[in-house]
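S.K.: Sequence:
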Amino acid sequence: KLCTDWIDNDTLSLSLVTSANLGLNVSFLSLTFMKMDNQMRLIKGAIQYTRMESEAELEQDSDPQDWESKGQVAFNDVWMTYKNCSRPALAGISLSINEKEKVGIKGRTGSGKSSLASTLFRLYEIEDGEIVVDGMDISKLGLHLLRSHLSYLPQTPFLMC
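For the sequence shown, this note's numbering gives the first residue as 374, with consecutive numbering after it.
These are computed hints drawn from the structure, not numbers from a lab.
Remember, it's a predicted structure, so these values are computed and weren't measured experimentally.
Any given hint could turn out to be false.
Just the calculated beta-carbon pair ranges, DEER-fashion [what the hints assert, rightly or not]:
id : residue 1 : residue 2 : range
1  : Lys473    : Leu404    : 38 to 46 angstroms
2  : Ser459    : Gln528    : 46 to 54 angstroms
3  : Leu395    : Gln528    : 45 to 53 angstroms
4  : Lys408    : Lys456    : 40 to 48 angstroms
5  : Ser400    : Lys486    : 41 to 49 angstroms
6  : Lys456    : Lys513    : 33 to 41 angstroms
7  : Pro530    : Asn449    : 50 to 58 angstroms
8  : Ser403    : Gln528    : 48 to 56 angstroms
Derived pair list, reagent style DSBU-like, types lysine-lysine, alpha-carbon separation capped at 30 angstroms [to be verified]:
id : residue 1 : residue 2
9  : Lys456    : Lys473
10 : Lys486    : Lys475
11 : Lys486    : Lys473
12 : Lys479    : Lys456
13 : Lys443    : Lys475
14 : Lys479    : Lys443
15 : Lys473    : Lys443
16 : Lys408    : Lys443
17 : Lys417    : Lys473
18 : Lys513    : Lys456
19 : Lys513    : Lys473
20 : Lys417    : Lys479
21 : Lys443    : Lys417
22 : Lys408    : Lys486
23 : Lys475    : Lys417
We put the CB at the ideal spot given by N, CA and C, even for glycine.
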């Protein structure tokens, strides 16, 4: 017999069942708060996305209709700095790639490899210099035309199932 002086068996049984249910309820409550936190983060991200500065125009009136793809790319004294960053990601980069050349770009982390590709696709606008693809200054092209003439092979493959 367990402490029959101050608690009976029925009360003890009820207490044990209630405490077991309390543990389940606390677990469920913490899981609910976790899900709610994730949903709030998604909403916050969506709100930030709607407030983002829009890209350049998709179409330009001056877009050439007969732009011939040859595969020539030239970066001429290109400068680019990310927002909220004091140091340029690209500082005076100049290089030229002729048609049918295969080029690999290597360097340490943070040396500007991804920044170079990002400026080619105009994901980020350059501050100074010019990027010329097949004789056309890409800053004067609409994004749709420019990006339809380029392709990119990332270093990490991505498969969709």
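S.K.: Could you work out which earlier hints the structure fails to respect and list their numbers in ascending sequence?
M.R.: Hints 1, 2, 4, 6, 7, 8, 9, 16, 17, 20, 21, 22 and 23 not satisfied by this model.
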